[in-house]
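Student: Residue strings, one per chain:
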Amino acid sequence: MDIKRLQENGRKNAALWKRDMKLNVGGATLIMIFAVLCLTIFAALSLATASAENAAVNKFAETTSGYYEAEALSLDLTEKLSDAYASGATDGRLAELASSSGGMLAGESAISAETEGRTFTLAVPLGKDGDSVISSILRERVPGEPGEGLEVVSSAQVETGKWEPDTHLQMIME
Amino acid sequence: MQHRDRGSALFLMELVIAVLFFSICSAVCLSMFGKSAEIALRSAALNEAVVRSSSLAEIYKAEGGRLEGVADVLRQMDEEARNVRISGGDGSRLEVEYEDMTLRLEASGDRTAGITALAVGTLEEKETFSSTDGEIYALKVRCGGGY
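Residue numbers (our numbering), protein chains in the order written: chain B, 34 to 207; chain D, 302 to 448.
Keep in mind that the hints were calculated from the coordinates and are not lab data. Worth double-checking, as some hints may not be accurate.
Derived lysine-lysine pairs resembling DSSO-like cross-links, with alpha carbons at most 30 Å apart [claimed, not checked]:
| id | chain 1 | residue 1 | chain 2 | residue 2 |
| --- | --- | --- | --- | --- |
| 1 | B | Lys-161 | B | Lys-113 |
| 2 | D | Lys-362 | D | Lys-441 |
| 3 | B | Lys-92 | D | Lys-362 |
| 4 | B | Lys-195 | B | Lys-92 |
| 5 | D | Lys-441 | B | Lys-161 |
| 6 | B | Lys-37 | B | Lys-92 |
| 7 | D | Lys-441 | B | Lys-195 |
| 8 | D | Lys-336 | B | Lys-113 |
| 9 | D | Lys-362 | B | Lys-113 |
| 10 | D | Lys-362 | B | Lys-161 |
| 11 | D | Lys-336 | B | Lys-92 |
| 12 | D | Lys-441 | B | Lys-92 |
Build the full structure now, drawing on both the sequences and the hints.
Tutor: Next up, the structure:
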């Protein structure tokens, strides 16, 4: 009889122990999960925004540096071409001079009908991707004008690459 | 009585685990927030440096490389510039002081100039650009010279 009671008590104790040992998911855990989720989401969003902004600013800085470098090269080349033209260099020699310094020279540009004297188009690639150039139109100084050689009629940044719309939106950081 | 004590102990254990886990997660998240703030500060400073440097470069080109002319334009037009001064032995250096950065333009004989933006004040204190001696951005510019 006593053995049976002891066995019964043992079973009851084991059941109570099992009940109490289950993983408690109370209010504290739920609030903690919610707070951690909020923190993680906002931290990831702020980091993604800051990184994207940083990438855009770096690209802007690189483009600006590239523009001024190309412009300086374009002016250097203009000076060299002007001197060479004044000393009677042929068109082939002028083109060779331009290409040896990283530029490209084409004879008789589109506005030649509106200006006196011969005109050339000088193109200097801008940046590493080479999707745009600094295009300068150089005109021969006609007799009677001050100076000699070539002068810059106009200079502009021209996009040469094919424009493609960016239809991609990155949602997950790499 | 024994059961109630066991329940309290388990609740305390749950709370301790929750607090511990929350501390670890919040430490990681706060470091991410800190990193974001640093990146944002760096980006803002770089953006401002690029805009100011290119603006100075355009003034330099427009003035044909004359530093006195550049200084005059900046004194009249740039309200954010605290101090504009020409220095160097031969007057070939122009310094423009802003609240958080200094722009230094160093002209060379062949109508070219180097423009450097250096971090000062709050940017320098936070050591955002300390790895590059405070240099935020550098640019080389050349003026036309009659062409």
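Student: Sort out whether B/Lys-92 lies within 30 Å of B/Lys-195, counting only the CA atoms.
Tutor: holds (19 Å)
Student: Would the hint linking D/Lys-441 and B/Lys-161 be met if the CA-CA limit is 30 Å?
Tutor: Answer holds: D/Lys-441 to B/Lys-161 is near 17 Å, not above 30 Å.
Student: Has the given pair, D/Lys-336 with B/Lys-113, been kept, meaning a C-alpha gap of at most 30 Å?
Tutor: violated (49 Å)
Student: Holds or violated: D/Lys-362 and B/Lys-161, Cα atoms, limit 30 Å.
Tutor: Satisfied, since the Cα-Cα distance of roughly 24 Å is no more than 30 Å.
Student: Taking only the CA atoms, is the gap from D/Lys-362 to B/Lys-113 under or equal to 30 Å?
Tutor: holds (20 Å)
Student: Take the C-alpha atoms of B/Lys-161 and B/Lys-113, compute the straight-line distance between them, and say whether it is at most 30 Å.
Tutor: Holds, at about 24 Å.
Student: Within a Cα-Cα threshold of 30 Å, do B/Lys-92 and D/Lys-362 meet the stated pairing?
Tutor: Holds, at roughly 24 Å.
Student: Please verify whether D/Lys-362 and D/Lys-441 have alpha carbons no more than 30 Å apart.
Tutor: At roughly 12 Å apart (the allowed maximum being 30 Å), D/Lys-441 and D/Lys-362 satisfy the hint.
Student: Taking 30 Å as the top limit, are the C-alpha atoms of D/Lys-441 and B/Lys-92 close enough?
Tutor: holds (17 Å)
Student: Does B/Lys-92 sit within 30 Å of D/Lys-336, going by the straight-line distance between their CA atoms?
Tutor: Distance ~20 Å between D/Lys-336 and B/Lys-92 Cα, so the pair holds.
Student: Is the hinted pair D/Lys-441 and B/Lys-195 satisfied, with a Cα-Cα distance of at most 30 Å?
Tutor: holds (29 Å)
Student: Has the given pair, B/Lys-37 with B/Lys-92, been kept, meaning a C-alpha gap of at most 30 Å?
Tutor: violated (83 Å)
Of the numbered hints listed earlier, those contradicted by the structure are 6, 8.
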